[in-house]
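Got chain A sorted already, so can you dock chain B onto it with the hints?
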Amino acid sequence: MNDEMSAVRKLLAEEPPSDRVVAAGRARLLHAQDGRTRRSRTALRSARWTTLGVGLLGAAAAVTMVMVNGTAPVTSVGGTDRPVVTQPVPARLSAKDILLAAATKVEKSQADGTYWLLKVRTDSQRGLAEGYWIEQSYSNENWIARSTSKSSWGITQNLGVRPATPADEEAWRKAGSPDSWKIVHKIPAEKAKIVGKKTSEEIVNSAAGKPEAWRLDDGGRFGWLVNGPVTEQEIRRLPDDPEKLRAYIQEKLDKFARSTGSTTNVDSPHLEMYSELGRVITGLPVTPEVRAAAYRAMASLPGVSERGEATDSLGRTGQLIVFPAPFPTGEYEHRLLIDRETGVALWSETVVVRPDTQAREPQRAGQTLHSTLIEKVGWTDDEPEIPADQRGPEDAKG
Amino acid sequence: MTAPPEVADPARWVDDAALIEQSRADPDRFASIYDRHFHAIYRYIAGRLGAQAADDLSAETFVTAFGKRERFDPARGAVRPWLFGIATNLVAQHRRDEIRRYRAMERVPAEHVHHDHDDAIDARVAAAGRQGELARELARLSRGDRDVLLLVALGDLSYEEVAQAMGIPFGTVGSRLNRVRKKLRLALGGS
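In the order they appear, the protein sequences are chains A and B.
Each residue of the first sequence is one higher than the one before, starting from 2 at the first, in this note's numbering.
Each residue of the second sequence is one higher than the one before, starting from 571 at the first, in this note's numbering.
One thing to keep in mind: the hints can contain errors.
To be verified - Below, simulated EDC-like cross-link-like pairs (lysine to aspartate or glutamate); rule was C-alpha separation at most 16 Å, straight line:
id, chain 1, residue 1, chain 2, residue 2
1, A, K183, A, E203
2, A, K120, A, E334
3, A, K183, A, E131
4, A, K211, A, D4
5, A, K11, B, E640
6, A, K183, A, E202
7, B, K753, A, D180
8, A, K151, A, D4
9, B, K752, A, D4
10, A, K211, A, E142
11, A, K11, B, E591
12, A, K187, A, E202
13, A, K11, B, D643
14, A, K253, A, D268
15, B, K752, B, E703
What the hints assert, rightly or not - Label pairs and their computed distance ranges (CB to CB):
id, chain 1, residue 1, chain 2, residue 2, range
16, B, R749, A, E384, 39 to 45 Å
17, B, I738, A, P17, 48 to 54 Å
18, A, G367, B, Y729, 54 to 60 Å
19, B, D726, A, E202, 33 to 39 Å
As the list claims (entries may be wrong) - Some chain A residues well away from chain B (every beta-carbon gap over 10 Å; in silico):
id, residue
20, R216
21, R238
22, V323
23, E386
Hint data in this document are derived by calculation from the structure and do not stem from the laboratory.
Predicted, not measured: the structure shown is a model, and the values here were computed from it.
Here a beta-carbon is modelled for each residue, glycine too, at the ideal position from N, C-alpha and C.
Okay, chain A solo, but in the shape it has when bound (with noise of 0.2 Å):
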């Protein structure tokens, strides 16, 4: 009866208020108590942010990161800008040393800048009802400030859908062309029970949206890590020695096992340390040290293969990496294209093996399920540009 509220918590709840922030709380109750001048909430604000900003400003001081070259602009492409696996170097390294060889890149490596940038392309292939497969793609940038007197932004655009390849596109043409579609997902049994229906369907439109822009100074959201979101404090507290690193997440992993009831898939036991990993690397602004730590946990994960060198969709050449998934009733395989000059990740993607008997959309051999192509990632002196309308005469910050 009370599932909606407790769900309510889940949701909106944070960690409890640090011992720092209790007693400079209090500080500033008693100042006001002692009958001085309050400070101005402007003033208070800049000193949380000073104290705050050590963390990302130390990072910032040692990071790596480099700018990865040659980002295109975003262009409507169709389902064929998969990386192509082109012919296997001759004395080529192990998928083991190629991690290796990313995290001494990455740690060593230096960086200056204004903000942290990460800019992603996203792109998910969804089988239909119909027969054929639709790609639905977003853009995504998140602009984290180093310096407390500029705001961090996070930018969101809906690129629109369209068939996914050119078979879909025919498909698509038979079907009369339409303008949206209705993706109709299977509920598992055990869920159905507890919602009391068995399919629930999603509608989603060709058309592409306008940037939409917030702040990330408050409440902001650095990234994601296992079941939730990830603080700064977070983020700040990750371990940069690899098997740490692994511990920790590990831990997550389990309390969050623990929370769902779930167990191991036997088939892949290190999936999803993989998969977590992986988002350390391609997904959140942590310093050059904890990357690095990074990409060695992947290097000790039994499972990584490589599969020589191939090109992402802007051009960029670099090592792919594999790692297999297979689960009781299907195979998915996870794909990480890492730089060979910078050890930047560049891309990953997740394709479909054998489609999963139990997907609750279509499935078929080959298919994306998601791909994420990074183009700009690291330290940059650019400014996010944020849409007239939603820059509001609060957010005038610096």
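Here is chain B on its own, set in the frame of chain A:
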């Protein structure tokens, strides 16, 4: 509602209203109000606006309350709802940030929707999808409905306390909450 630990020893327990009364002559007494209620206020504001805004606004709640202590009227309710009322007014000044927070939560899980390769992740995806729906619904609620909901869900206030905090009739609290809960159940895929 959790009873403050001091209540175990009634002789030492000074109730909130008495503290406020004493603080009129001796401002330092107000610090006890802070110590008793800061965590609860923080939790409420952090849930609505995020931890960083809560660092600032939770402290601001007590500074504001201190400034208004002369006007606190025990006849109109207890200290706790009074503090939550002040906190709610502060949160209202940041409504855009609050909506952005929910909208961000709504988007985050998109990354995971097609990542389901085993049961654990499947459960996580389902949870993430439902959370997205929930966040979307939170962003859509009217201000009054959201205040009532979150005073109960995050602040652990009783209907009576919500009525005091918001200065609305007791019956209104119940009807608003029923309406909101129905919406949330639908968002969560129930009926």
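Going down the list of hints, with the structure as the test:
1. The straight-line distance between the Cα atoms of A:K183 and A:E203 is roughly 6 Å, inside the 16 Å bound, and the hint therefore holds.
2. A hinted pair counts as satisfied when its Cα atoms are at most 16 Å apart, and A:K120 with A:E334 does not qualify at roughly 24 Å.
3. The hinted pair formed by A:K183 and A:E131 meets the criterion: a straight-line CA distance of about 10 Å does not exceed 16 Å.
4. Using a Cα cut-off of 16 Å, the hinted pair A:K211 and A:D4 is violated, with the two alpha carbons roughly 35 Å apart.
5. Between A:K11 and B:E640, the direct Cα distance comes to roughly 37 Å. Violation of the 16 Å bound is thereby established for this hinted pair.
6. At most 16 Å may separate the alpha-carbon atoms for a hinted pair to count; A:K183 and A:E202 meet this at roughly 7 Å.
7. For a cut-off of 16 Å, the pair hint linking B:K753 to A:D180 is broken: about 30 Å separates their Cα positions.
8. Restraint check for A:K151 and A:D4: the C-alpha separation of about 40 Å exceeds 16 Å, so the hint is violated.
9. Under the criterion of a C-alpha separation no larger than 16 Å, the hint pairing B:K752 with A:D4 is consistent with the structure, at around 11 Å.
10. Straight-line distance between C-alpha atoms of A:K211 and A:E142 comes to about 14 Å, which keeps the hinted pair within the 16 Å bound.
11. For the hint pairing A:K11 with B:E591, the CA-to-CA distance comes to about 37 Å; that exceeds 16 Å, so the pair is violated.
12. At roughly 9 Å between alpha-carbon atoms, A:K187 and A:E202 fall within 16 Å of each other, so this suggested pair holds.
13. Taking the CA atoms of A:K11 and B:D643, the gap is near 34 Å; set against the 16 Å cutoff, the hint is violated.
14. Proposed proximity of A:K253 and A:D268 is contradicted: the alpha carbons are some 21 Å apart, above 16 Å.
15. Only pairs whose Cα atoms come within 16 Å are accepted, and B:K752 paired with B:E703 is accepted, the gap being roughly 14 Å.
16. The given range of 39 to 45 Å is respected by B:R749 and A:E384, whose C-beta atoms sit roughly 43 Å from each other.
17. The given range of 48 to 54 Å is broken by B:I738 and A:P17, whose C-beta atoms sit roughly 29 Å from each other.
18. With their beta carbons about 56 Å apart, A:G367 and B:Y729 fall inside the hinted range of 54 to 60 Å.
19. Restraint check, B:D726 to A:E202: a C-beta distance of roughly 36 Å satisfies the suggested window 33 to 39 Å.
20. Not every beta carbon of chain B lies more than 10 Å from that of A:R216, the smallest distance being close to 6 Å; the non-interface claim is violated.
21. Every Cβ of chain B is farther than 10 Å from the Cβ of A:R238; the closest lies at roughly 14 Å, confirming the non-interface assignment.
22. Every beta carbon of chain B lies more than 10 Å from that of A:V323, the smallest distance being close to 14 Å; the non-interface claim holds.
23. Distance to chain B confirms A:E386 as a non-interface residue, since its nearest Cβ pair spans about 17 Å, more than 10 Å.
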